[in-house]
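Peer 1: Work out the full structure: start from the sequences and follow the hints.
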Amino acid sequence: MIAPGTQLASRYEIVSYIASGGMQDVYKANDSLTGEVVALKTPQAGQTNKRFKQSAILSARISNYNVAKTFDYFEEGNACYLIEEYVDGTTLEAATLDVIPQIDPHLAAYLMLRIAKGLAASHQAQVAHRDLKPSNILVDSNFSAVKITDFGIATLADELFEEIIAKNGDLTRSTSGTVKGALPYMAPEMMFRKPGDLVGCEADIWSLGALMFRLMTGAYPFGEGMMVPVNVEKRQPLSWPRFLTGKAQYTPLSNSIIGIVEKCLVYDKAQRPVALDVVRSCEELCFHFAPREFGVVSEVKWSTGFVTSSRGAKIFYHNDSLYGAAPAKVGSKVVFSAHNGTPFPRAHPIVVCP
Amino acid sequence: MPLIANRYEPTGNASWGGMGELNECEDRNLSRKVMLKRVFKPSDLPRLLDEQKALIRLRSKHVVQLLDVVSFKWNNQDIRCLVLEHIQGTDLDKLNFKADEDYQKTLWQIATGISEIHAAGVIHRDIKPQNIRRDQNGIIKIFDFGLAREAGKDDKTKSITGTIGYMAPELFGTKTISFTAAIDTFSFARTALALLGVQPHNEKPKAIVAGSVIAAQPGLNAEVARTLEACLDMSPAARPPMFEVAKLLGRDLLRDKHRARVGTQKQAYELNASKRTVNLTFKNQGSLSIRYDGYDFKITALTGNVYVNNTKASVGMTMLSACVITIGSAAPRAFVTFDISNPEVMA
Numbered sequence: 021m022i023a024p025g026t027q028l029a030s031r032y033e034i035v036s037y038i039a040s041g042g043m044q045d046v047y048k049a050n051d052s053l054t055g056e057v058v059a060l061k062t063p064q065a066g067q068t069n070k071r072f073k074q075s076a077i078l079s080a081r082i083s084n085y086n087v088a089k090t091f092d093y094f095e096e097g098n099a100c101y102l103i104e105e106y107v108d109g110t111t112l113e114a115a116t117l118d119v120i121p122q123i124d125p126h127l128a129a130y131l132m133l134r135i136a137k138g139l140a141a142s143h144q145a146q147v148a149h150r151d152l153k154p155s156n157i158l159v160d161s162n163f164s165a166v167k168i169t170d171f172g173i174a175t176l177a178d179e180l181f182e183e184i185i186a187k188n189g190d191l192t193r194s195t196s197g198t199v200k201g202a203l204p205y206m207a208p209e210m211m212f213r214k215p216g217d218l219v220g221c222e223a224d225i226w227s228l229g230a231l232m233f234r235l236m237t238g239a240y241p242f243g244e245g246m247m248v249p250v251n252v253e254k255r256q257p258l259s260w261p262r263f264l265t266g267k268a269q270y271t272p273l274s275n276s277i278i279g280i281v282e283k284c285l286v287y288d289k290a291q292r293p294v295a296l297d298v299v300r301s302c303e304e305l306c307f308h309f310a311p312r313e314f315g316v317v318s319e320v321k322w323s324t325g326f327v328t329s330s331r332g333a334k335i336f337y338h339n340d341s342l343y344g345a346a347p348a349k350v351g352s353k354v355v356f357s358a359h360n361g362t363p364f365p366r367a368h369p370i371v372v373c374p
Numbered sequence: 183m184p185l186i187a188n189r190y191e192p193t194g195n196a197s198w199g200g201m202g203e204l205n206e207c208e209d210r211n212l213s214r215k216v217m218l219k220r221v222f223k224p225s226d227l228p229r230l231l232d233e234q235k236a237l238i239r240l241r242s243k244h245v246v247q248l249l250d251v252v253s254f255k256w257n258n259q260d261i262r263c264l265v266l267e268h269i270q271g272t273d274l275d276k277l278n279f280k281a282d283e284d285y286q287k288t289l290w291q292i293a294t295g296i297s298e299i300h301a302a303g304v305i306h307r308d309i310k311p312q313n314i315r316r317d318q319n320g321i322i323k324i325f326d327f328g329l330a331r332e333a334g335k336d337d338k339t340k341s342i343t344g345t346i347g348y349m350a351p352e353l354f355g356t357k358t359i360s361f362t363a364a365i366d367t368f369s370f371a372r373t374a375l376a377l378l379g380v381q382p383h384n385e386k387p388k389a390i391v392a393g394s395v396i397a398a399q400p401g402l403n404a405e406v407a408r409t410l411e412a413c414l415d416m417s418p419a420a421r422p423p424m425f426e427v428a429k430l431l432g433r434d435l436l437r438d439k440h441r442a443r444v445g446t447q448k449q450a451y452e453l454n455a456s457k458r459t460v461n462l463t464f465k466n467q468g469s470l471s472i473r474y475d476g477y478d479f480k481i482t483a484l485t486g487n488v489y490v491n492n493t494k495a496s497v498g499m500t501m502l503s504a505c506v507i508t509i510g511s512a513a514p515r516a517f518v519t520f521d522i523s524n525p526e527v528m529a
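Going line by line, the protein sequences match chains L and S.
Using this note's numbering, you'd call the opening residue of the first sequence number 21 and step up by one each time.
Using this note's numbering, you'd call the opening residue of the second sequence number 183 and step up by one each time.
Treat the hints with care, since some could be wrong.
[Said to hold, decoys possible] Some but not every residue of chain L turned toward chain S, in silico, with C-beta under 7 Å:
#	residue
1	196
2	290
3	304
[Said to hold, decoys possible] Covered by chain S, according to a simulated footprint, are these stretches of chain L (three or more residues, beta-carbon under 8 Å):
#	stretch
4	49 to 56
5	89 to 102
6	268 to 279
Treat the hints as calculated values from the structure; they're not laboratory data.
The C-beta atom is built at its ideal place from N, Cα and C for all residues, glycine as well.
Peer 2: See the structure below:
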């Protein structure tokens, strides 16, 4: 642990410890040169500095608004440090899956466009992420920043992966926590790769499809744990829950996104779209994005109801705007976008949370 | 030459000879290229740093990131440089545009970038195609902040701000030059015309005749042309603020691309550019017509009692992004949901 107040490279002052990414420790720091808050990353014990530097070099090749930017890399004492853009928020995992059972198609379109833009820029720089999942995407409180992070983290895991492949033949029978966490989003060519196989950008497209499926349904596209490789290998068709297309208001957008996600999750990597294709498809989607708020249902009528927002405002909703698997009851926690209305603002979309 | 600050190695690519004003270097720490921008007057460094800090706080995608500041000695001179992100791409003066959607999206990005710069309290001072680059992902980046004043490329421009041809008229002729953000607005419009091949004259600009932009560029969208003309007004106060220019251009990029889902109990309709009008009637309670004009959905005809989100509807009313239309003031009434969506214009 680096103590708060410690200064590094006569420029970065540690503010606080943020998290451990499994391979590296992440701190919040102040950059005295620019006055900016930055993220400082340093490898955990047992990681080699050489691999850490290699991963830093990979991520530094990408410059895009939807990728957390690499600002600096330096070595001091025996340790090495990466300085990255700081996102004041949390991971996409924590912002969606932890609190919302499934995101509505409008939010899905908004997020997919941004993640695909970040991927397109990194693939253009010939950098594949290879471990894209909701916990590797940073978002701020109203989703105005959506940034992929940890490009190159897969480089850190390479050694571990190679060991597992050498021992088990491929990754699918590993008991490693790192592999287990990655499997539900892992492309078949990564999962079943043999020693020396190169895994390219196509794997990120698969992961993008898998993570969108997860966010939109709450479920993993091919299950969890040992079932993932089995289901992927037998090319199990995706089973989309009925609520995605159960309401006329959402059906066209849901269907469009389902079409894009299914193309990403094609077993044969040569048949998948490239990131730029996904960007173009997402750019054609018609959606409406407004910041999300939370609230509690206060009144339920035949086809309408009311919500008290977390800020205390009374909000009207119509059943046609209610999206998702769970019905609205008085006391249900909900997430929604508010639109102008008289005498009450109108919620659309509105999703019941667990 | 040894490494600068123990990490930056000049590649030899410089835009202005030897240790000129802009030098490309390889950052050995991250194996990537960076740009070293020389600050000629050390007394300018605090101002430049302040501007950079203000810009960083905005996190604009159109501004180049400041990475480092270095001081070193070269040929017995004290040199100070800003170390900036290196953007691969093409400067706009090397690109050919025609008045199409790509051109308009480029203008929208430039205008957005300048309006973000202005929001940070910074005036660029030298907006021109050579200072704007399109990166490999199509993102517009604006370079060279506030440096024009101290590092003129030749004697003619040394004492004044900017580049003749792109410079606003108020910058000519007086000894003490005071200016506002509107000088960037003028340069923006001059840049917009230069991108279409209308190169500026090397002299103090003259007032343009209303309608001359559209007359010279019939391919240009009329609203864009009018906006550009307003930006070229001789009087700085008459030029629109850049955020409004960006908003207008962005709005136009979505022309005819909106959709509205109209949902009744029985059926759902879609309104869009190919089906612009819907007529809704419920028993004898009332009726209305809604028409899509390419930007908004507006009520064009009305009978009886109709409410939009509980507000009494009127002819000419613009529909809200997501609303409920109620036909009738007492049961039996009809409820119709009306939800507008559009593709996102995103750089």
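Peer 1: All hints, please: hold or fail.
Peer 2: Cross-check of the supplied hints:
Taken as an interface hint, residue 196 (chain L) does not check out: its beta carbon lies about 30 Å from the nearest beta carbon of chain S, beyond 7 Å. The beta carbon of residue 290 (chain L) is not positioned within 7 Å of any beta carbon in chain S (closest approach about 24 Å), and the interface hint is therefore violated. Annotation: interface hint on residue 304 (chain L) holds; nearest CB of chain S at approximately 6 Å, less than 7 Å. For the stretch 49 to 56 of chain L, the stated coverage by chain S is satisfied: 4 residues place a CB nearer than 8 Å to a CB of that chain, which reaches the threshold of 3.
Here's how the stretch 89 to 102 of chain L fares: 6 of its residues keep a CB closer than 8 Å to some CB of chain S, so the rule of at least three is met and the hint holds. Counting residues of the stretch 268 to 279 of chain L whose CB lies closer than 8 Å to any CB of chain S gives 4, which reaches the minimum of 3, so the coverage claim holds.
Violated hints, in rising order: 1 and 2; the structure is consistent with all others.
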